[in-house]
Amino acid sequence: MKSDENDQSSVVWFLSGMRGLFSLPAFILMLSFVGFCSLTAQAGIPPEQVVFMTGMVWALPAKVILVSSMMSGASLAAAFLAVSLSSVRLMPMVAALIPELRTSKTPTWLLLFLSHFVAITAWVFAMERVQAVPRDRRVAFFAGFGITLVVANMVLVGVVYHFVADFPPIVAGCLFFLTPIYFLASIWHSARHPVVHIALLIGLVAGPLFYWLVPEFDILLAGVGGGTLAWATERLWHRRKEASA
Amino acid sequence: MTWQDGWWAYAFIAIAGWLATDIWRWLGVIAGNRLRDDSEALNWVRAVATALVAAVIAKLILYPTGVLEQSPLWLRLGSVAIGATAFFLLGRKPAIGIATTIAALAAGLWWLGF
Chain P
1 MKSDENDQSS
11 VVWFLSGMRG
21 LFSLPAFILM
31 LSFVGFCSLT
41 AQAGIPPEQV
51 VFMTGMVWAL
61 PAKVILVSSM
71 MSGASLAAAF
81 LAVSLSSVRL
91 MPMVAALIPE
101 LRTSKTPTWL
111 LLFLSHFVAI
121 TAWVFAMERV
131 QAVPRDRRVA
141 FFAGFGITLV
151 VANMVLVGVV
161 YHFVADFPPI
171 VAGCLFFLTP
181 IYFLASIWHS
191 ARHPVVHIAL
201 LIGLVAGPLF
211 YWLVPEFDIL
221 LAGVGGGTLA
231 WATERLWHRR
241 KEASA
Chain Z
1 MTWQDGWWAY
11 AFIAIAGWLA
21 TDIWRWLGVI
31 AGNRLRDDSE
41 ALNWVRAVAT
51 ALVAAVIAKL
61 ILYPTGVLEQ
71 SPLWLRLGSV
81 AIGATAFFLL
91 GRKPAIGIAT
101 TIAALAAGLW
111 WLGF
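Keeping their order, the protein sequence lines are chains P and Z.
Quick note: our numbering has the first sequence finishing at residue 245, numbered continuously throughout.
Quick note: our numbering has the second sequence finishing at residue 114, numbered continuously throughout.
Bound-form chain P, shown alone (with noise of 0.2 Å):
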C-alpha cells in the first residue's frame, strides 16, 4: 500500500519536473540548440551524429569544443583532452547538486545515471527550484526535468537540422551568437561565489590572447592559466579584505 501511494507521487513530481520544458531557461536552451545546429549543419556534420552527440554528450560547452575539434581535424587525445578538461566545471557541479537530491536510501547508480542530464541549464534550475520539493521527491523532480529536457533537445535538433540551412543570413548570424551570450548572461548570473566572475572575465581575455601566441593549446591554458590567475587573485582580495577588516 505505502510503496504504491509512494510511486504515485514520485510521478506527479517527475510530470511536475517535465512542465520544466516550459520554462525561460529551458526556452532559451532550446534557441541556444536551433543555433547549434546551424552551427554544426556550417560545419558539415550529418544530422544522425548532431542528433546522437545531443543526447551522449549533453553538455553545449563541450559539444561546441568537439565540434570544433572534429572541424580543426584533431586526433582522439586531443578532442578528448580539450573535451574532458572544458567538462571539469561538469565535476563540481555535480558534486554540489548530489547533496540536495539524494537521502540516505537513494542507490549511487541512479545518482550516477541521472549525472549524465546535468548541465549548465538543468543545474541552475535544479539548483534553484528543488528546495521548493520535499526531499523523497527531488530525485523524481530532477530525473522529469533533465530526461525531458534531453530527449526534447534531440527531436528538435533532429527536425531543425534540416531547416537551418535555408535560413536568412541575419537569422543563421544571430541563432549563431546565442550560444556565447547564453554562456555568458547564465554563467554570471548562476555564479554564487565571486571567483567565477573573475575567471570569466580573466579567461574572456586569456582566450584571444593563447589563441594568438599558442593557437594548439589555447583552450587548455587559458583554462588552467587565466583560471590559476583568477583563483589567486581571489585569494589576494579575499586576505586583504580579511587584513583591513
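Certain hints may be false.
Far from chain Z by the CB rule (all over 10 Å, computed), these chain P residues [to be verified]:
1. 10
2. 133
3. 134
4. 155
5. 159
6. 177
7. 214
8. 234
9. 237
10. 241
Simulated restraints, written as ranges between beta carbons of each label pair [as the list claims (entries may be wrong)]:
11. 23/Z - 216/P: 36 to 44 Å
12. 112/Z - 12/P: 49 to 57 Å
13. 23/Z - 228/P: 19 to 27 Å
14. 15/P - 72/Z: 43 to 51 Å
15. 75/P - 90/Z: 42 to 50 Å
16. 112/Z - 217/P: 12 to 20 Å
17. 241/P - 112/Z: 43 to 51 Å
18. 11/Z - 235/P: 38 to 46 Å
19. 159/P - 72/Z: 32 to 40 Å
20. 213/P - 89/Z: 53 to 61 Å
21. 19/P - 14/Z: 50 to 58 Å
22. 237/P - 112/Z: 24 to 32 Å
23. 216/P - 92/Z: 33 to 41 Å
24. 8/Z - 24/P: 37 to 45 Å
These are computed hints drawn from the structure, not numbers from a lab.
All residues carry an ideal CB built from backbone N, CA and C; glycine is no exception.
Mind docking chain Z on chain P? Use the hints.
Then chain Z, alone, in the frame of chain P:
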C-alpha cells in the same frame, strides 16, 4: 581515416565527447558527499573550469564560423557591450542581456545589408 567515415565518427563522439564529459559527472557524484563546498581545491577547479568556458565564448565571438565570419568585429563586440550594459542596468536578468545583444546584432546586420 577521418571523422567523417561512418562508425569512426560515432566512436570519436563516444570517446572524445561522451566519455570525456561523463567521467567528470561520475566523479562529481562520488565527490558529492566528500568534497567540501568551501574548500580551496574546489575553488581552484571552479576558476579553471570557468576560465576554460570563457575562452571558448571569446573564440566564438571573435572568430565565428558561417554567416558571422563576414560580419565586422566592431559589430559583434558592440552588440555584446550593449547587451552587457542592459544586463547590468536592468536587474541582471539573463533574458534581458541576451535579447538586447541579439537585437543589436540583428539591427547591425540588417543595416549592413546582410
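Exercise. Tell me, in ascending order, the numbers of any earlier hints that this structure violates.
Key: As far as the earlier hints go, 6, 8, 11, 16, 20, 21, 22 are violated by this structure, in ascending order.
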